[in-house]
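Engineer: Listed below, chain by chain, are the residues.
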Amino acid sequence: MTAALLPRSLYLQRLLVVDPTTGDVEDAQFTELSRFVGPGDVLVVNDAGTLPASLPVRFGELELELRLAGPVEEGWAVLFGEGSWRERTEDRAAPPRLEVGDVLELDGRRVPVLEVSTTSPRLIRVSLTLEEVLSNGVPVQYSYVPRDLRLDEVQTPYAGRPWATEMPSAGRVLTPELMEKLRAAGAEVHALTHAAGLSATGDSALDAALPLPEPYEVPEETWAAVQRADRVIAVGTSVVRALESAARGELSGVAEMVIGPDTELRVVDGLLSGMHEPGESHFQMMAAFLPLERLRGAVRHAEREGYRNHEFGDSTLLLPG
Amino acid sequence: MSTTTPSKPQDTRGLAGQTVGDTSICQVSQTELIYRGYEIADLAANATFEEVAHVLLVGHKPSAEELAAVFAVNLVGPHALTRRLAGAMALRGEGTVVAISSDVVDANYPGWGAYAASKAAHDHLMGTLAAELPAVRFLSVDPGEMDTAMHADALPDADPSTLRRPADVARALVSHLASAPSGQRSTLELTP
Chain A
593 MTAALLPRSL YLQRLLVVDP TTGDVEDAQF TELSRFVGPG DVLVVNDAGT LPASLPVRFG
653 ELELELRLAG PVEEGWAVLF GEGSWRERTE DRAAPPRLEV GDVLELDGRR VPVLEVSTTS
713 PRLIRVSLTL EEVLSNGVPV QYSYVPRDLR LDEVQTPYAG RPWATEMPSA GRVLTPELME
773 KLRAAGAEVH ALTHAAGLSA TGDSALDAAL PLPEPYEVPE ETWAAVQRAD RVIAVGTSVV
833 RALESAARGE LSGVAEMVIG PDTELRVVDG LLSGMHEPGE SHFQMMAAFL PLERLRGAVR
893 HAEREGYRNH EFGDSTLLLP G
Chain B
3 MSTTTPSKPQ DTRGLAGQTV GDTSICQVSQ TELIYRGYEI ADLAANATFE EVAHVLLVGH
63 KPSAEELAAV FAVNLVGPHA LTRRLAGAMA LRGEGTVVAI SSDVVDANYP GWGAYAASKA
123 AHDHLMGTLA AELPAVRFLS VDPGEMDTAM HADALPDADP STLRRPADVA RALVSHLASA
183 PSGQRSTLEL TP
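Here the protein sequences come in this chain order: A and B. First residue of the first sequence? That's 593 in my numbering, and the numbers climb one at a time after it. First residue of the second sequence? That's 3 in my numbering, and the numbers climb one at a time after it.
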């Protein structure tokens, strides 16, 4: 599949509608989303704002990149070696191996390493303030995008608390006007907040452990709407993770579970997401909604029809009839 | 204005040798004649008649950069911030955005063009947002003439006792919000 290289307008966004029970597909436009929902449907979005999670740090003479792996208050971050986002993460120089007590420098301030993860020595814990991140950070960049992304380009239209380190991109073009249309069609739209983390690090040990545990908060009101809904449609894989974690534990907590083909979904019925291909963790999560063979069929259709993938790509709606 | 007579005039042509004085509009020294900070020769060579008139009346040269700066502060910034927040409000189905407008929108006061145009444009965008997002209230409120530094700069001769105190306006604004109409400009009533 071809990547969408830049943030595109809502009016270019295509929507592939897949019926998980039959595998039937329909080609549509994202602006037509309200056509597929009605009374009894509850859409749940992740309203986390995207942090400027990429921070320029120094270690001695080395100029490195520190990428937050979760909310600022948690302090976990992944260290990247010299070079920039223009190189693919897997091609970048390895960062030095840091130990507890080593000191990084951010804008002249000392940032000591407080903890080193057992998963990978590149995953470290530091103490930063939100203000330091907002004044020094830039959004996580992608090597396939031809220019620097601005912070406002990686926000959903309804972004609130800055908690995500990469954009919860399924709702990127879900504008307030479109939300009004969904409500006019009889559907409800509710929010939760989930600290969507890094999508890839280029470090095989770390990537195998993704997604890392991520904090989430489901408001009582949203949970009540989910309970009375005929169909719960998650806008984004992070919402599936939050709601299914809430169904197995507390309304607010840390999502540890990784959803895949063998996961029995307890609350979520449908998913609005991007275009995902075999091998990606998001593809694995989609496989919880329909048999792998049907999912592969839908991906083949999308490739044939020229759908675009990655952060600014087209959308898939998995929706049982 | 202070006037002194030089003790030993050497040349009496023009203003040479005369220390005429120093006012908010004009400064004369031994070698320079400066209007509003601009050398007279500079104004003569580089400014149009209208610009010189503006310099004398208002105090500085109007420029495209200044117009853009007024729009950046009064329109572009507030609108970008409003758009950024309005989505989260629309998602929750409630929220109120208040813009401080002005009665200059309705009239044409000399020297107030950029300010008035920026406020009128912002009122218009608030009205459009109100039409687009009915769940959120977009209010433009004219607070009346207030005793502020901006007012003193613009109209130094105004009697401050005839102007509203910002603290009173702020209190009245809070109670005005509940009843103010969304999508249109309202004028703040101040009950003594």
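The set of hints was computed from the structure by calculation and includes no laboratory data. Positions of the beta carbon are idealized from the N, C-alpha and C atoms, including for glycine. Careful, some of the hints might be misleading.
Each pair of labels, with its calculated beta carbon distance range [as the list claims (entries may be wrong)]: (1) A/A776 x B/G129: 38 to 44 Å; (2) A/A801 x B/P168: 53 to 59 Å; (3) B/E96 x A/E848: 43 to 49 Å; (4) A/A801 x B/A133: 30 to 36 Å; (5) A/T710 x B/P168: 56 to 62 Å; (6) A/P811 x B/P158: 39 to 45 Å.
Engineer: For a quick check of understanding: which of the numbered hints are violated here, in increasing order?
Structural biologist: The structure breaks hints 1, 3, 4, 6; every other hint is satisfied.
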